[in-house]
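Colleague: Okay, here's what each chain looks like letter by letter:
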Amino acid sequence: MSKLFQANVKENAKLSKSHYLITLHPVKKIKKPEPGQFFMLAVNQNADPLLRRPFSLHRWLGRDLQLLFRSVGKATNILKEKKPGEMLEIIGPLGNSFPLNPSKSKPVLVAGGLGIAPLFALAEKLSQKKPLFFLGAKNREEVLCIEGLNSIGIKPVVSTDDGSLGQKGLITDVLKDFLSRHPSPLTRYCLYACGPKSMLKELFVLTKDLGVKGYFALEENMACGIGACLSCAVNTKKGVKRVCKEGPVFPIDEIIW
Amino acid sequence: MVKKRPVNMKVNLGRLKLKNPVITASGTFGYGAEYSEFVNLNSLGAVVVKGISLKPMDGNPAPRICETPCGMLNSIGLQNIGLNTFLKEKLPYLKQFDTKIIVNILGNSVDDYVKLAEKLEEAKVDAVELNVSCPNVKRGGIIFGTNKKYLEELIVHVKKKVRLPVITKLSPNVTDIREFAKIAENSGSDIISLINTIRGMSINIKTRRPRLSNITGGLSGPAIKPIAVRMVWESYRAVQIPIIGMGGINSFEDAVEFILAGASAVAIGTANFINPGATRDIINGIKSFMIEENINDIKKLVGQVKC
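If you read the protein sequences in the order shown, they are chains G and Z.
For what it's worth, numbering that gives the first Met the number 0 labels the leading residue of the first sequence as 0, then goes sequentially.
For what it's worth, numbering that gives the first Met the number 0 labels the leading residue of the second sequence as 0, then goes sequentially.
Just so you know, the hints here were simulated from the structure itself, not pulled from any lab data.
One or more of the hints may lead you astray.
Here are the computed lysine to aspartate or glutamate pairs in the EDC-like style, where the Cα-Cα straight-line distance is at most 16 Å [to be verified]:
(1) G/31 with G/123
(2) G/137 with G/161
(3) G/237 with Z/57
(4) G/244 with G/208
(5) G/31 with G/63
(6) G/244 with Z/36
(7) G/9 with G/88
(8) G/2 with Z/110
(9) G/207 with G/161
(10) Z/87 with Z/121
(11) G/81 with G/10
(12) Z/54 with Z/97
(13) Z/305 with Z/189
(14) G/73 with Z/296
(15) G/244 with Z/33
(16) G/2 with Z/66
(17) Z/18 with Z/291
(18) G/240 with Z/296
(19) G/236 with Z/57
(20) G/240 with Z/110
(21) G/124 with G/33
(22) G/137 with G/88
(23) G/196 with G/161
(24) G/105 with G/123
(25) G/9 with G/123
(26) G/31 with G/47
(27) G/200 with G/245
(28) G/73 with G/47
(29) Z/54 with Z/110
(30) G/30 with Z/36
With the Cβ distance kept under 8 Å, some of the chain Z side facing chain G (calculated, not the full set) [to be verified]:
(31) 29
(32) 57
(33) 63
(34) 69
(35) 111
(36) 238
(37) 271
Derived coverage of chain G by chain Z (criterion: at least 3 residues anywhere in the stretch with Cβ under 8 Å from a Cβ of chain Z; other residues may be distant) [stated by the list, open to error]:
(38) 196-207
(39) 212-223
(40) 227-234
Predicted model, so just to flag it, every value in this text is computed and none were measured.
Idealized CB from N, CA, C, for every residue including glycine.
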């Protein structure tokens, strides 16, 4: 099965002022993507914008894939206008995936804003283990996927910086509070997080202090997405790694900030 | 019925003979394996791998790239695995393929380049490309590419120690590339390749910061093609040694443009990010063009722009 494939837009739903959920139907069958993996999308066929853009797998529907995105710049503003029937060229699935092991551990998922994109696929995969889900965002506009999570049996704990939805404050503080109230060996939790670097840095310190293990899904500017150009470098204890190849998922304690 | 004559795509870069004029640009194709599922490496004229230094280098902090109109800036910073790991882990893979292997090399001193060239000759690669033009590091070659005396010294010393073909990759970030092309030729360089990236910068007006952590980077992609074509044309008129042309080639038409300007071979770089099969498509495109235009030998097109 080729990693380079064409896909039809099946649906392109507007979720909020600037968030979209696009459903894509690969013309030929593709390799089943795992939570954590991503795709490189060419939003136009004429090399304008020049480079593909990376989008993590949001949801795998068995034959179709869903990507969650925000319209921030040139490429995503083109992507949001794609109509059902239009064709996109994609490379993927790329990168590694979230390890689902620590078999006896309780998964704790922490999403900051659009960081929920890859964590939804993970939550769905882990739903039998009844994962805890912490969802933080700037304001209620930025809180996404509540209904979707409910539909797979997950009731997220929500916080917003301005208190417009859920608790007021940072999701890292909410998590800290939760962990302090549930001291039973913290090693029984496995943390999976994705979100702004500032949030991940906080979680890095928190997990280190409390002895909790887990994984981050990182993102970085990419050109090729396939491990050749070395644009997406991240410093780890094991040397400089590529977010597109050795990542996007990395053990929390391996990353050097 | 008119019988189609087979087209000859073989090119001679002095002693370096390629099955076709299409090669990869250093830094855009990793060490080959990354693209093997998209391109049959046997079909390429040559694979030019990411630049190698004696010791591994970590490169610059991210962000290392950003997109710009019709192009991109990169400040990777010459991250590479170092010579030993390249010889042990990457070269054996490449040797399986029926393609020439050209290794881009970089160093901080003449000695570094000589050591690298010697070891690579021992390992029987087909040619070395002297990286004297990467704009993204303070040390690592740029001093050689922008200083005539140092460039001459470097090439003379390398050529004293090795017999394999030596390619000098020229920097466009100079006042007159013809001068450097001539120095390369006079110092004994077998081939020259141009252009490397052009120094550029991009600022995010919301954060008021440069988009690259290194502040400046090298511009590549379609935006630089006219500059590259012009420099190839100028260099072709200045020297007799063969030229590898590169800079924004995204299609077979672009490749033919460079050949007409004076390039005997072309290197494909940023285009690989747009289309991982770009090298294959360009080879096929050149072939079709030759058939349609009744050109039976690609060498007949080199430098044939009518001026």
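Colleague: Between residue 73 of chain G and residue 47 of chain G, does the CA-CA distance stay at or below 16 Å?
Modeller: holds, 9 Å
Colleague: Can you verify the interface hint for residue 111 of chain Z: is its Cβ closer than 8 Å to any Cβ in chain G?
Modeller: Given a least distance of 21 Å, the restraint on residue 111 of chain Z is violated.
Colleague: Please work out if residue 244 of chain G and residue 36 of chain Z have their alpha carbons no farther apart than 16 Å.
Modeller: holds, 15 Å
Colleague: Verify the proposed pairing of residue 2 of chain G with residue 66 of chain Z, using a straight-line Cα cut of 16 Å.
Modeller: Outside the cut-off at roughly 23 Å; violated.
Colleague: Would the hint linking residue 81 of chain G and residue 10 of chain G be met if the CA-CA limit is 16 Å?
Modeller: holds, 9 Å
Colleague: Run the distance test for residue 30 of chain G versus residue 36 of chain Z: straight-line Cα separation, threshold 16 Å.
Modeller: holds, 14 Å
Colleague: Take the C-alpha atoms of residue 240 of chain G and residue 296 of chain Z, compute the straight-line distance between them, and say whether it is at most 16 Å.
Modeller: The hint is violated at about 44 Å.
Colleague: Between the alpha carbons of residue 31 of chain G and residue 123 of chain G, is the straight-line distance 16 Å or under?
Modeller: Measuring from Cα to Cα gives roughly 15 Å; hence the hint holds.
Colleague: Given the hinted pair residue 9 of chain G and residue 88 of chain G, is their Cα-Cα distance within 16 Å?
Modeller: holds, 14 Å
Colleague: Are residue 31 of chain G and residue 47 of chain G close enough, with their CA atoms no more than 16 Å apart?
Modeller: The hint is violated at about 29 Å.
Colleague: Check the hint pairing residue 196 of chain G with residue 161 of chain G against an upper bound of 16 Å on the C-alpha distance.
Modeller: violated, 19 Å
Colleague: Verify the proposed pairing of residue 18 of chain Z with residue 291 of chain Z, using a straight-line Cα cut of 16 Å.
Modeller: Violated - the C-alpha atoms of residue 291 of chain Z and residue 18 of chain Z are around 20 Å apart, more than 16 Å.
Of the numbered hints stated above, those contradicted by the structure are hints 4, 8, 9, 12, 13, 14, 16, 17, 18, 20, 22, 23, 25, 26, 27, 35, 36, 38, listed in ascending order.
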